[in-house]
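Chemist: Chain by chain, the residues:
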Amino acid sequence: MTKKLDPFTRENISQSLLAAADEMFYTWGRTSQSTIIYEVLDYACGLTDAEGHLIGQANGATMFLGAITFSAKAVLEKFGKENLKPGDMFLTNDPYTGSGTHLCDVAAVLPIFYEGELVMFAVNKGHWNEIGGTNLGSWATDTKEIFQEGLILPDIRIYDGGVFNESVKDIIAANCRTPEMTLGDLYAQTAALKTAESRILEIFDKYGRDNVIESLEYILDNGRKLALLELQKMPKGTFYAEDILDTNSNNVEDIPIKVKVTITDDTFELDYTGTGDAVFAPINCSYYGALSGARIVYQALVSPHTAANDGFYSPIKVIAPENCLFNAKKPYPVSCDWEPIQILTDVVLKAMAPAMPERVAAGHFLSIVGTIIGGIDDKTGSPFVLSEPQAGGWGAGYNKDGENGLVAICDGETYVIPVEVCEFRYPLRVEQFAFNPVSGAGEYRGGKGLIRDYRVLNSNAELTTMASRYKYPPWGFAGGKDGSPNAVTLFKADGSSAETRATWSHEPMVEGDLVRFITGGGGGYGDPLKRPVESVLRDIRDEMITIEEARQDYGVVIDEESGELDEEATRLARQ
Amino acid sequence: MSLRVAVDIGGTFTDFVCLDETTGKIIEEKTHTTPDNFARGVEDAIDIAGINLEEVNYFVHGTTVVINAVTERSGAKTALLTTKGFRDVLDIGRANRPDMYNYFYKKPVPYVPRYLRYEVNERVAFDGEVLKELDEAEVRAVAQKMKDNGVEAVAVSFLHSYKNPTAEERAEQILREELPGVPISISSNLARIWREYERTSTTVLNAYVMPSTQLYLDTLEEHLHDKKLIGEPHAMLSNGGTATFSRAKEIPINLIESGPVGGVIGAAALGEIMGEPNIITFDVGGTTAKTSLINKGELNVTTEYKLEWTPLFAGHPVKTPVVDIIEIGNGGGSIAWIDEVGVLKVGPRSAGAHPGPACYDLGGTEPTLTDANLIIGRISADNFLGGTFKVNVEKAREAVKPIAEFFNISIEEAAQGIIQTANSNMLNALKLISVRRGYDPQDFAMLVQGGNGAGFGPQLAKELKVKKVIVPNLPGTFSAWGMLVSDLRQDFMQTNIMPVTGADLEVINSIYDDMEAQAEEIFAKQDIPKDKLLIQRSAEMRYIGQEHGVVTPVAGGLLDVAAIEAARKKFDDLHYQNYRFKLEGAPVEFVSFNMTVFGVVAKPEVKKLEVTGRELAAALKGERNVMYEGDGVKLAPVYDRALLEPGHTILGPAVVEESKSVTVMCPGQELIVDDLGNLIISNLEE
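For the protein sequence lines, the chains are X and P, in the order given.
Each number in this note's numbering corresponds to the 1-based position in the first sequence with 293 added.
Each number in this note's numbering corresponds to the 1-based position in the second sequence with 4 added.
To be clear, the hints were calculated from the coordinates, so they are not data collected in a lab.
All figures in this text were calculated on a predicted structure; none of them were measured in a lab.
Hints may be right or wrong, so weigh each one.
[To be verified] Which residues of chain X face chain P? A few of them, derived with a C-beta cut under 8 Å, are:
no.	residue
1	T320
2	P472
3	M474
4	L522
5	Q525
6	M527
7	R652
8	K693
9	V714
10	I840
11	E841
[To be verified] Derived EDC-like pairs (lysine to aspartate or glutamate); straight-line CA-CA distance at most 16 Å:
no.	chain 1	residue 1	chain 2	residue 2
12	P	K136	X	E724
13	X	K499	P	E467
14	P	K469	X	E495
15	P	K607	P	E276
16	P	K88	X	E842
17	X	K518	P	D343
18	P	K81	P	D152
19	X	K487	X	D453
[To be verified] Reference listing, derived: stretches of chain P covered by chain X, where coverage requires no fewer than 3 residues with Cβ under 8 Å from a Cβ of chain X:
no.	segment
20	106 to 112
21	292 to 304
22	423 to 434
Note that beta-carbon positions come from the ideal geometry of N, C-alpha and C, so glycine has one too.
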């Protein structure tokens with residue numbers, strides 16, 4: 294029932310398309326065999342038009358969402374539109390050509406044909422638990438070139454006109470430590486794309502080809518208009534900030550991070566000139582990774598709740614000099630690229646914070662503190678791999694305290710693994726999961742980071758992890774104090790050592806060893822002496838701060854004998 | 005002793021339905037909900053209906069008291085006792101940020117502040133082994149602190165208690181000794197399933213609402229007994245069953261969606277009578293539209309309910325079974341508006357009962373769905389609420405005018421646009437519950453209910469391509485009728501991960517045996533003998549490596565290898581149905597063993613509608629112009645439902661009016677009145 298396209302029908306089409314993206318997300322999450330997909334939800338789904346422009350997306354990991362469109366464009370560029378055909382599907386994890394992020398994140402791209410014409414792409418991208426590489430779990434903290442980081446799938450045609458490429462399947466299986474799980478995920482990922490495809494074809498059937506195509510243009514156009522409206526409201530000019538990336542991976546230390554943010558009526562430009570060069574440690578990102586990060590911070594500043602599409606993102610410009618940390622070329626390693634991608638977002642916020650306090654909160658723990666604990670299970674003889682992000686403290690804002698224990702900015706609708714699930718699946722015992730009591734003081738207090746202890750119950754295991762912000766804690770702002778750093782401590786079972794490091798690389802562990810992940814507390818906002826006394830008293834009651842901190846940071850004095858507020862001493866201390 | 009009474013408290017109205025089993029006569033009443041004292045609203049309804057409670061043999065109550073206590077945070081001062089090292093789990097949650105780009109996202113605030121979250125030494129491993137015995141002296145010391153802090157309810161949630169509940173049970177005993185009169189809720193008693201945050205959240209919410217629910221149900225029961233009600237009244241549970249008040253008071257969190265489930269149960273019950281086991285329910289009221297799906301006579305029950313969840317807010321998990329209902333903010337009072345880039349939206353904001361739609365002329369000036377319906381003739385000013393309520397069409401047109409001007413179209417076209425937008429929202433919800441879950445709407449009948457269900461249903465049925473639409477008798481209070489025909493219900497679920505190949509039959513049989521024994525005990529207390537129990541077993545199964553499972557039916561009786569193999573095969577099929585692929589060669593495991601037990605109560609007989617031989621023409625009230633999406637304006641005959649008889653056939657376009665509902669048929673649809681008086685609408689050709 295084709296009819297003239299009125300504004301209401303156009304909106305119906307948009308909503309139906311978004312529903313198709315949501316359904317793709319749901320299907321994959323329900324059927325995946327990787328913990329990191331189904332429990333952590335470390336994946337994302339989106340739809341593009343025939344040129345690869347992002348039309349809509351489902352909630353997921355923000356870093357993946359930012360990269361979806363580039364995967365579709367890379368396929369178009371490599372094969373040419375005229376060489377795609379119904380039944381094709383492509384895989385890519387090549388960070389330098391458009392996949393954008395590290396090799397574990399595999400994007401699947403499905404061109405959708407309606408009556409023989411390429412009309413859209415469905416794309417999903419998620420973290421595969423295993424793709425080869427130097428250690429269990431595949432991503433590593435001590436690689437020196439990309440070839441150590443696993444199998445590269447450079448925009449390959451895995452389905453050719455509906456025929457599955459068994460040879461590629463065999464190559465993937467042969468290069469992964471847990472081939473069944475990896476292939477199971479590939480099937481689930483494919484099924485999710487097929488679901489999206491059938492929904493989209495239904496939409497074309499219902500509304501007619503011309504009307505849907507017109508709606509796609511309308512969505513992009515509308516996104517652009519919205520972006521310009523929002524940019525008009527923003528402060529104009531040039532803003533600067535700098536920071537330091539401090540992971541200590543491969544002994545690389547203190548990489549300078551610099552940004553110049555320029556906002557005009559129609560552009561949002563991030564210029565990273567002055568940032569350090571790419572390094573022989575897996576803490577670089579490709580230019581596509583940088584673009585993905587730019588989209589995150591753009592959305593956070595410009596309009597957090599506007600539906601994402603390439604029209605909305607069109608004002609973004611990113612300048613990252615050749616071979617800069619944020620524009621690494623092959624073979625520079627990118628395994629922990631969330632660290633550079635996160636700090637490139639955070640430094641922009643730091644630049645904009647004074648001008649836009651209504652959108653920017655103080656710094657958060659920032660590092661994902663990505664964790665792998667793996668080994669060969671004594672009981673089964675098979676490999677086990679726990680691969681997860683940690684959650685930490687978030688910064689305070691002009692009207693609220695920071696949140697306790699949330700995943701970092703590059704994650705989004707991403708979950709921590711329950712203790713009970715973890716203990717069932719892996720030969721590990723979680724001995725505590727609790728707040729790290731230290732965070733940034735302020736009129737509004739920084740949120741609490743977390744402490745998570747893993748006891749090894751297996752004869753062997755290895756630890757791989759990376760925590761940035763181990764020397765330079767999350768920043769406070771408007772008079773608020775800095776938060777607290779991230780750290781990973783390994784307590785040996787025999788009591789011989791308790792060593793704290795930012796980066797561990799397949800460190801051997803034995804039964805009884807305990808590894809403690811401490812994530813940072815967020816920065817504070819505003820002068821701590823202005824924090825209402827009753828808020829400070831509530832924090833003492835809840836053991837969120839100590840009596841000593843109340844006195845030192847907040848000028849709230851508690852009489853030691855009575856345990857009551859000493860009003861006079863407090864008045865004096867707060868003057 | 006031949007009356008059955010249901011009282012369903014909703015946000016705006018309290019619905020009352022009384023069925024006389026001897027005559028089949030039904031009395032329905034709607035009174036305003038009295039939020040300051042819900043019990044009074046119930047009594048008002050009984051008084052207005054003039055019912056003598058001595059005559060009542062079954063009284064069932066759907067209540068919002070639990071959902072109100074949690075959303076208004078007016079529950080008890082609650083403490084939490086956890087395993088040492090884990091008191092912050094309730095606050096950490098799963099650490100997700102659904103509002104991904106917002107640096108000002110606020111997490112769900114826990115229902116127990118940190119100073120009332122206590123830890124105790126005890127530890128159980130994932131396999132149930134006790135690693136550290138419960139420190140009983142410590143529990144007593146903590147109880148003292150709770151007392152000092154004036155705690156009114158206590159939740160207990162220890163790690164792996166789903167596997168070994170002994171420590172929780174012992175802690176409960178000690179707390180009862182130390183804190184007499186304080187309700188205690190332990191996690192293993194509510195949900196024997198893994199994931200500590202979700203289980204703890206459920207337990208905390210249960211404890212939080214225990215005191216207020218007890219008080220409310222006790223007060224109401226006292227009043228009902230004062231009015232000479234003889235048996236114990238029943239409360240409607242979110243799982244689609246009922247429980248006596250005394251059982252409901254132990255597990256109040258199971259009343260969280262007590263109200264909305266009535267309509268779904270009613271649909272299943274009516275479907276059984278009509279021989280329609282597959283039904284999509286569609287309930288449109290004043291502020292929301294709700295839909296649920298019944299497959300082969302069974303309700304879809306989920307354990308993934310999250311209180312206050314939105315796409316941008318993580319919500320509070322409740323892991324007790326809740327009938328799977330999708331609800332969107334589109335009802336008669338939903339307001340139409342234009343967003344910042346010029347897109348027309350409908351809802352979720354509603355004009356509510358006051359001021360109500362613009363056409364009520366009570367001061368509302370914003371255009372609502374009801375105003376749009378009035379303008380394009382889908383409802384009539386002369387028959388609003390059966391003609392008892394005067395509405396003002398001019399006010400409706402004035403309210404819609406700015407939208408017409410914005411798009412430079414006529415007021416009628418703008419009204420049609422509002423309807424079309426709401427239709428699209430509702431259609432997406434209907435698809436979400438059906439096609440998106442692997443069901444083909446052509447296998448389903450759509451049962452419409454609520455004041456506005458029959459107005460929107462036929463058009464949507466056409467687009468969704470269901471095989472027919474059923475408009476039941478008294479669609480406006482159908483939810484309360486559903487409560488009248490519900491059975492008692494108890495769900496059991498126990499996480500126990502076990503490979504299917506070589507499954508330990510002894511363990512499985514003993515889990516099911518234990519559940520049955522528990523069920524018998526629970527139902528015996530509610531006066532339901534063993535021979536009235538209907539037992540359904542199932543198991544959550546998955547391919548090894550997967551997390552989320554598919555709930556698969558399991559045979560009754562003593563299970564053998566063949567029964568397990570049959571379940572495995574069934575699982576493959578269900579996985580394919582849900583997700584479009586199956587891995588027949590891959591190893592499968594059990595995640596949990598589940599059981600649903602119904603305490604079957606006698607159902608009222610549904611009487612056939614009398615045939616007097618009246619002509620259809622006698623029911624014709626007149627005709628009016630109605631505007632249809634895609635078909636334009638059509639002159640539609642208007643019929644009075646009260647005068648329709650079995651066998652009458654009407655061709656669309658047409659309108660059928662009754663006192664609390666209007667059925668709007670599209671061109672190309674045919675309506676037949678069945679023996680029971682239901683209106684059955686089907687699409688003639690496409």
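Chemist: Each hint should be assessed against the structure and marked as holding or not.
Modeler: Cross-check of the supplied hints:
At its closest, the beta carbon of T320/X sits 6 Å from a beta carbon of chain P; the interface hint therefore holds under the 8 Å criterion. Interface hint at P472/X: violated, since its Cβ lies 12 Å from the closest Cβ of chain P, which is beyond the 8 Å cut-off. For M474/X, the suggested interface contact is upheld, since its CB lies about 5 Å from the closest CB of chain P, less than 8 Å. Nearest Cβ of chain P to the Cβ of L522/X: about 7 Å, under the 8 Å cut. The hint holds.
Violation of the interface hint for Q525/X is found here, the shortest Cβ-Cβ separation to chain P being roughly 12 Å, above the 8 Å cut-off. Because the closest C-beta pair between M527/X and chain P is about 15 Å apart, greater than 8 Å, the hint is violated. With its C-beta approaching chain P no nearer than about 7 Å, R652/X sits inside the 8 Å limit, and its interface hint holds. Satisfaction of the interface hint for K693/X is found here, the shortest Cβ-Cβ separation to chain P being roughly 7 Å, below the 8 Å cut-off.
The beta carbon of V714/X comes within 6 Å of a beta carbon in chain P, closer than 8 Å, and the hint placing it at the interface holds. Look at I840/X: its Cβ only gets to about 14 Å from chain P, farther than 8 Å, so that hint breaks. With 8 Å as the threshold, the beta carbon of E841/X stays out of range of chain P, its nearest partner Cβ sitting at about 18 Å, so the hint is violated. The suggested pairing of K136/P with E724/X holds, with an alpha-carbon distance near 12 Å, which does not exceed 16 Å.
Straight-line distance between C-alpha atoms of K499/X and E467/P comes to about 10 Å, which keeps the hinted pair within the 16 Å bound. Distance restraint check for K469/P and E495/X: the Cα-Cα separation of roughly 13 Å lies within the 16 Å cut-off, and the hinted pair is therefore satisfied. Pair hint K607/P plus E276/P holds up; C-alpha atoms about 12 Å apart against a cutoff of 16 Å. The hinted pair formed by K88/P and E842/X fails the criterion: a straight-line CA distance of about 25 Å is larger than 16 Å.
Annotation: proposed proximity of K518/X to D343/P holds, straight-line Cα distance about 13 Å (limit 16 Å). Proposed proximity of K81/P and D152/P is supported: the alpha carbons are some 12 Å apart, at most 16 Å. Pair hint K487/X plus D453/X holds up; C-alpha atoms about 15 Å apart against a cutoff of 16 Å. Here's how the segment 106 to 112 of chain P fares: 6 of its residues keep a CB closer than 8 Å to some CB of chain X, so the rule of at least three is met and the hint holds.
Judged by the Cβ-Cβ criterion of 8 Å, the segment 292 to 304 of chain P is not covered by chain X as claimed, because only 0 of its residues qualify and three are needed. Chain X is given as covering the segment 423 to 434 of chain P, and this holds because 5 residues of the stretch bring a CB closer than 8 Å to a CB of that chain, at least three being needed.
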